[in-house]
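For the record, the sequence lines run as chains A and B.
To get the working numbering, take the position in the first sequence, counting from 1, and add 108.
To get the working numbering, take the position in the second sequence, counting from 1, and add 30.
Hints listed in this document are in silico derivations from the structure and should not be mistaken for laboratory results.
Hints may be right or wrong, so weigh each one.
20 Å max Cα-Cα, derived DMTMM-like pairs, lysine to aspartate or glutamate [to be verified]: (1) B:K143 x B:D76; (2) A:K153 x B:E50; (3) A:K283 x B:D114; (4) B:K162 x B:D63; (5) B:K165 x B:E182; (6) B:K33 x B:D174; (7) B:K162 x A:E147; (8) A:K225 x B:D187; (9) A:K193 x A:E243; (10) B:K97 x A:D229; (11) B:K32 x A:E147; (12) B:K97 x A:E210; (13) B:K165 x B:D187; (14) B:K162 x A:E161; (15) A:K351 x A:D123; (16) B:K57 x B:D173; (17) A:K151 x B:E50; (18) B:K146 x B:D173; (19) A:K151 x B:E122; (20) B:K97 x A:E169; (21) A:K225 x B:E40; (22) A:K332 x A:E169; (23) B:K97 x A:D123; (24) A:K151 x B:E51; (25) B:K115 x A:D284; (26) A:K193 x A:D284; (27) A:K216 x B:D63; (28) A:K216 x B:D173; (29) B:K168 x B:D63; (30) B:K97 x A:D211; (31) B:K162 x B:D187; (32) B:K146 x B:D63; (33) B:K32 x B:E182; (34) A:K225 x B:D63; (35) A:K216 x B:E50; (36) A:K153 x B:E51; (37) B:K165 x A:E169; (38) A:K280 x A:E257; (39) A:K225 x A:E210; (40) A:K312 x A:D229.
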Amino acid sequence: MKEIDSVDITNKVADLCIQANYCIPVAIIKSFQNAVRIESSEKAKSSLNILIENANIAKNESMAYCQDTGVAVVFVKIGQDVRIKNGSLENAINAGVKKGYEDGFLRKSLADPLTRKNTGDNTPAVIHYDILPGEALEITVAPKGFGSENMSQLKMLNPTAGKEGITEFIIKVIKDAGGNPCPPLLVGIGIGGTFEKAALISKKALIRPLGQPNPDNAIAEFEKDLLDKINATGIGPMGLGGKTTALAVHIETYPTHIAGLPVAVNLCCHAVRHATATF
Amino acid sequence: MKKINLPLNEKTIESLQAGEEVLLSGKILTGRDQAHLRFVQALEKDQKLPVIMENQVIYYVGPTPAKPGQPIGSAGPTTSSRMDKFTPKLLEAGLRGMIGKGPRNQQVIDAIKQYKAVYFVCVGGAGAYLSKRIKSLKVIAYDDLGPESVKELMIEDFPVTVAIDSQGNNIFRL
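Chain B on its own, in the form it takes in the complex:
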């Protein structure tokens, strides 16, 4: 299986084809509903984001608390479509990759194509299994959101499928 080291670059993104299974390694951010809302509100007011969005990959996840001695608890993807209304704005701000589960709407597909990005899916509900591929966790923004705070994760050989590629090819039927 193809291995990809993060951050993503243009050449890598262009090489990824919808349907392809790959293993991701490197640093990513987490972000769900409330973090997306805050990111977009900040961008609309021309405020500085608390994270670097350029060339970033965001994983839609709210993990369970880590047990002592472990970096993270269960950590599978949440439903991506809830983030659809915020995603084009983040892609415009430099976001290059997303990891989640389930289909995206046409606006997101168009924005992925326009900004040369990629949408990955991993197996929804496989929280225990996927946690084994996450090596560290650090809260970096919106701590008050608890399970929804923005965290930096170090992932290793994290198994994903390319669901929407930079040409706009989509593995889900709309």
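Next comes chain A alone, as it looks inside the complex:
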């Protein structure tokens, strides 16, 4: 049995909120640089160069990369032999989000869905737990902006729709979204499971390191094929035309019912943000 103090969790979650919002992954910046090289349109090049400069300013001046510092989505992997002392895990995480968003000068973007009254401290976080064997605790904070979240879609396809039907739906989502979700995008796709499982794995797909293919070769091929088709739409950076509508496609799958084929498409803008800590 391993004991972890809730205060340590709060402090670490606060750091993760700030780190994720100030510093986007180096792999994303490299993908912008590659995109500048392959784009022929001046507008696409200039948008991408501004994004590279924006990432540098955010990192060097310790400020948010994007003003939409998002809903704090938190993925927790907790070993069943871990005990949290001095409070609950959930309270510790929310206290960390509150502290991180306050100390880091991040925008408090959460509101009651009906009254639209702001909660004032960016809590509650949206927390997903995985309980695993052992004594490890790993927490990932993945702030999610709503420019791209709003353009995400889920559809319950027919079980015989196949890759063709899945592709058709995904391309429709990308075209419906157009320039709205701040392309170049990272496209997270969840195929299978149930209604909510497909959505959850599509979001988990967004925290996989950029461009790391699915370990299943056939799925990795499907990711590549979809990326080519998405980039062939010509929507381009900021929707102003170009070859780089998406930086990568990440697919996660889960067995599903014989009668169905849930497909969730979770779009992430170029501000791919996540930071992880282990205890």
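The hints should help you fit chain B onto chain A, whose structure is shown.
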């Protein structure tokens, strides 16, 4: 690059062509979803608006809080299409320019043409970069909305692209 001082006048608006990149300087307002809803509700009830809409430019932005000694935090554009249902009414009330990101619907394009206005876009998500072109911030209405309150910003050489011009030309494919 062409420099434009605000407020916009008819001659300037007519000279702007879709696709053109320009630098804006002067005073603008901020406004997002809830502020737009309140503006339009007030206009529909013939109530006085808390701001002057004539010849105004509205930037769709909800900035992050400013650090001590700085005028503003990160301040990039939010998605303009969410404001589409309110925009024709504001254009009718005198609004002349909008700054945001992404495409607009046909009703907005038609209203831009009808009222001789202009829609600009800047780089979505470039919040840190764009904050450097904002020199001051003052909350002037709907303070209770927090990040969504209406603010007056002083911008300097703020880089935008003309996305929809006063003739209704549009750089986005519908």
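How the hints compare with the structure:
1. B:K143 x B:D76: Given pair K143 (chain B), D76 (chain B) is violated - Cα atoms ~24 Å apart, limit 20 Å.
2. A:K153 x B:E50: holds, 15 Å
3. A:K283 x B:D114: holds, 19 Å
4. B:K162 x B:D63: violated, 24 Å
5. B:K165 x B:E182: Status holds; Cα separation ~11 Å.
6. B:K33 x B:D174: violated, 35 Å
7. B:K162 x A:E147: Not satisfied, since the Cα-Cα distance of roughly 27 Å exceeds 20 Å.
8. A:K225 x B:D187: violated, 35 Å
9. A:K193 x A:E243: With a Cα-Cα distance of about 14 Å, the restraint between K193 (chain A) and E243 (chain A) holds, given a limit of 20 Å.
10. B:K97 x A:D229: Roughly 17 Å separates the two Cα atoms, so the pair holds.
11. B:K32 x A:E147: Not satisfied, since the Cα-Cα distance of roughly 25 Å exceeds 20 Å.
12. B:K97 x A:E210: With Cα atoms ~11 Å apart, K97 (chain B) and E210 (chain A) stay inside 20 Å; holds.
13. B:K165 x B:D187: holds, 10 Å
14. B:K162 x A:E161: holds, 12 Å
15. A:K351 x A:D123: violated, 36 Å
16. B:K57 x B:D173: holds, 19 Å
17. A:K151 x B:E50: The given pair, whose Cα atoms are some 10 Å apart, holds under the 20 Å limit.
18. B:K146 x B:D173: violated, 31 Å
19. A:K151 x B:E122: Roughly 32 Å between the alpha carbons, so the hint for K151 (chain A) and E122 (chain B) is violated.
20. B:K97 x A:E169: The given pair, whose Cα atoms are some 11 Å apart, holds under the 20 Å limit.
21. A:K225 x B:E40: violated, 39 Å
22. A:K332 x A:E169: Violated. K332 (chain A) to E169 (chain A) sits at ~36 Å, over the 20 Å cutoff.
23. B:K97 x A:D123: Answer holds: K97 (chain B) to D123 (chain A) is near 17 Å, not above 20 Å.
24. A:K151 x B:E51: Within the cut-off at roughly 10 Å; holds.
25. B:K115 x A:D284: holds, 18 Å
26. A:K193 x A:D284: Violated, at about 48 Å.
27. A:K216 x B:D63: holds, 15 Å
28. A:K216 x B:D173: holds, 14 Å
29. B:K168 x B:D63: holds, 19 Å
30. B:K97 x A:D211: holds, 10 Å
31. B:K162 x B:D187: holds, 10 Å
32. B:K146 x B:D63: Judged against 20 Å, a Cα distance of about 23 Å means the pair is violated.
33. B:K32 x B:E182: violated, 23 Å
34. A:K225 x B:D63: holds, 13 Å
35. A:K216 x B:E50: violated, 34 Å
36. A:K153 x B:E51: Holds, at roughly 14 Å.
37. B:K165 x A:E169: The hint holds at about 17 Å.
38. A:K280 x A:E257: Status holds; Cα separation ~16 Å.
39. A:K225 x A:E210: holds, 18 Å
40. A:K312 x A:D229: Answer violated: K312 (chain A) to D229 (chain A) is near 25 Å, above 20 Å.
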